[in-house]
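J.: The lines below spell out each chain.
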Amino acid sequence: MNASRLFVIAVLLVGLGACDKSGLSGGSGSSGGGGNSIPGAAANVAVTVVNAGPAGDVNTMFTSVTICAPGSTTNCQTIENIEIDTGSTGLRILASALTANLPIQQDSSGASLAECTQFVSSYSWGPIALADVTIASETAASLPVQVIGDSSFASVPAACAGTGSEEDTVQAFGANGILGIATEAQDCGASCAESTAAGFYYACTTGTNCVPVTLGTANQLQNPVTFFATDNNGVIIELPSATATGVQSLTGALIFGIDTESNNTSSATATVLPVQVGTGYLTVSLNGNFYTESFLDTGSNGYYFADSSLTECSDSSATGFYCPASTTSFSAVVCAYQDSGNCTGVTEKSISFSIANADTLFSTNTAFAVFPTLGGSYPTASSVDLGLPFFYGRNVYEAFENKSTSKGSGPYYAF
Amino acid sequence: MTLAALAAILPVTAVHAALGAPYTSVASDQTKLGASLKATAHDAYTVHELTLPSGTLVREYTAANGTVFAVAWNGPAKPDLSRLLGSYFADFVATAESTPGGRNHLSLSRSDLVIQAGGHMRAFFGRAYLVAAVPAGVSSDELR
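Chains as they are written, first to last, in the numbering used here: chain A, 1 to 415; chain B, 1001 to 1144.
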């Protein structure tokens, strides 16, 4: 296939006021080529942008958040370049981007709580603070947040350092922070309340003396949206489509709540796909196989799946991505999770996507940061990672666990 | 093709890391990590399956000569990769650091070493294998 098969639209809105939490500049929003329409400013609409961010990344979506010390209206700060991640739970801010003074959480013995946050290839280390967090005009009061790379907690426990590379600076992290809005309410859940085996939480009597501790779910990192007073049952992620060969940036919206306001009414054509509780897994049928540990993840920058017919890139600048000789198209079916591992008897939705040569994409225009046809290899034959490119040109509904919506109980995705 | 057998729990104190190290390191990992262990023999290799207290499953593949030639993991928390990958952990870290925006994905494909990782918070998986040490006739697809 070629580029003409995809809807072509490049949305390059200028004057995006990332500090302006009131919503989209321009008000009326923009139309996406995929048939979706990005809503205008509202109390429950956060402006999002896909661009290179502070570290020159690709296919990464950002917004801004305002944080205050709990109860304060003066000890506050608005922080831009916060990555939006449906693959993790909790708000985490890089210490170097933080000027507001937030209280560090302590356990009953007075030791400071800290976290070793695990990502696929990396970890981020730092204390847990409390903050009032406002996104658009919705506020999560007294929310546990992590401060990554706090110099007062400079000594990373060995068991944490053994889980991957360190991402404790803005440059390494690629953002000033991360807004984790996975379907799971906490970043760890019941297992960290009962055991230290997962290695997430620590108590520190000094910045260099930290020991693993159990931590109740109420004190763990939380999905910030679930802490909002209203519009807290889910989100709608809306992005316009982009031309196949890439564009410099996209502007979209993160809308809070599903069927709670006049501007977040669910689409009659969106198919509800319940996901597995705790993992967010659903099933993808692709290439004649069922990939039973698949997921939607705005924090992944491509379509990731194992396909031996696709050549991997040899250039170090495209490590891990696919570099097929010609753009290759795929048709797949995404269906609700079920233990039997297939799509029989459950809701499903057909999708199509294409994988282009990453070397070519990256070299076409080095200013581009939006690549809808980017993909890469994967370690397992049981998982498709539908990363941010999947969201281009779509309105994707995400309902959180333990929350109800007019389309059913979470956790689910619908599109 | 397979026949299951329970492996004896050996009082091994070696602290070798797994990948590229002798089989004894598997038992050492079991002790160190407090894991339960199940071994399954295949024609060309044996899979030692450890269930960690976190619930994460670790598989270590040993060849006839007793060397661990592949490891894989899948579960809600990452295992101690520095221990599991041993000297190759440095390659994991270097790849992670050099991958553009690659927090949620890792892929190293060298002539001697393959490391791949994926998933997301509360659902991590990955694998690593030494290309030259994979027994003849064994597909990399089996090493998951």
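No wet-lab data here; the hints were simulated from the structure. Beta carbons are placed, not taken as given, at the ideal position from N, Cα and C, and that holds for glycine. Errors might be hidden in some of the hints.
As the list claims (entries may be wrong) - A few chain B residues that don't get close to chain A, going by computed Cβ distances all over 12 Å:
(1) K1038
(2) H1105
(3) P1135
Stated by the list, open to error - If the Cβ cut is set under 7 Å, some of the chain B residues that face chain A in the computed set are:
(4) A1090
(5) V1093
(6) M1121
What the hints assert, rightly or not - So, partial list: chain B residues that the calculated Cβ filter (under 7 Å) puts toward chain A:
(7) D1080
(8) R1110
(9) L1113
(10) F1125
J.: All the hints need checking, so say for each whether the structure fits it.
T.: Do the hints match the structure? See the list:
No beta-carbon of chain A is positioned within 12 Å of the beta-carbon of K1038 (chain B); the least distance is around 18 Å. Residue placement check: H1105 (chain B) does not keep its beta carbon more than 12 Å from all beta carbons of chain A (closest about 6 Å). The non-interface label for P1135 (chain B) is consistent with chain A: the shortest C-beta to C-beta separation is roughly 20 Å, beyond 12 Å. Hint status for A1090 (chain B): violated, given a least beta-carbon distance of 10 Å to chain A, over 7 Å.
At about 5 Å, the closest approach between the beta carbon of V1093 (chain B) and any beta carbon in chain A falls short of 7 Å, and the interface hint on this residue holds. Using the Cβ-Cβ criterion of 7 Å, the hint placing M1121 (chain B) at the interface with chain A is satisfied: the shortest such distance is roughly 4 Å. Interface restraint check: D1080 (chain B) against chain A, minimum CB-CB distance 5 Å, threshold 7 Å, status holds. This hint is violated: R1110 (chain B) has a C-beta 11 Å from the nearest C-beta of chain A, more than the 7 Å allowed.
Annotation: L1113 (chain B) was flagged as interfacial toward chain A, and the flag is violated, the nearest CB pair being 13 Å apart, outside 7 Å. Given the 7 Å rule on beta carbons, the hint for F1125 (chain B) holds: about 5 Å separates it from the nearest Cβ of chain A.
Hint violations for this structure: numbers 2, 4, 8, 9, all remaining hints satisfied.
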